[in-house]
Amino acid sequence: MMFLRWKVMAEFWAETIIHIVASDSVKVHMERLEQGGEFLAHVWALLNHAG
Numbered sequence: 001m002m003f004l005r006w007k008v009m010a011e012f013w014a015e016t017i018i019h020i021v022a023s024d025s026v027k028v029h030m031e032r033l034e035q036g037g038e039f040l041a042h043v044w045a046l047l048n049h050a051g
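Residues 1 to 51, numbered by the UniProt record's numbering, are exactly what the sequence shown covers, in order.
There could be a bad hint or two in this list.
[What the hints assert, rightly or not] Cβ-Cβ distance ranges computed for the label pairs, FRET-style:
| hint | residue 1 | residue 2 | range |
| --- | --- | --- | --- |
| 1 | M9 | H42 | 28 to 36 Å |
| 2 | L46 | K7 | 19 to 27 Å |
| 3 | E15 | A45 | 18 to 26 Å |
| 4 | E15 | Q35 | 25 to 33 Å |
To be clear, the hints were calculated from the coordinates, so they are not data collected in a lab.
Ideal Cβ positions, reconstructed from N, Cα and C, are used throughout, including at glycine.
Produce the entire structure from the sequences given, and follow the hints as far as they go.
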């Protein structure tokens with residue numbers, strides 16, 4: 001039961017992060033990366049270059 005809860009939470013946050021990263025503008029991500037970056041900017045860069 002506890003494993004199922006963690007699995008649901010992990011899937012929810014993974015989908016949420018991917019949605020947020022994919023829906024934001026390229027310009028904003030590039031500006032964040034130039035300033036040292038933030039977590040979502042790095043995820044965006046990895047997803048864009050990984051295909």
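To see whether the hints hold, each was checked on the structure:
| no. | hint | in the structure |
| --- | --- | --- |
| 1 | M9 x H42: 28 to 36 Å | violated (22 Å) |
| 2 | L46 x K7: 19 to 27 Å | holds (23 Å) |
| 3 | E15 x A45: 18 to 26 Å | holds (19 Å) |
| 4 | E15 x Q35: 25 to 33 Å | holds (27 Å) |
When each numbered hint is compared with the structure, a violation occurs for hint 1 only.
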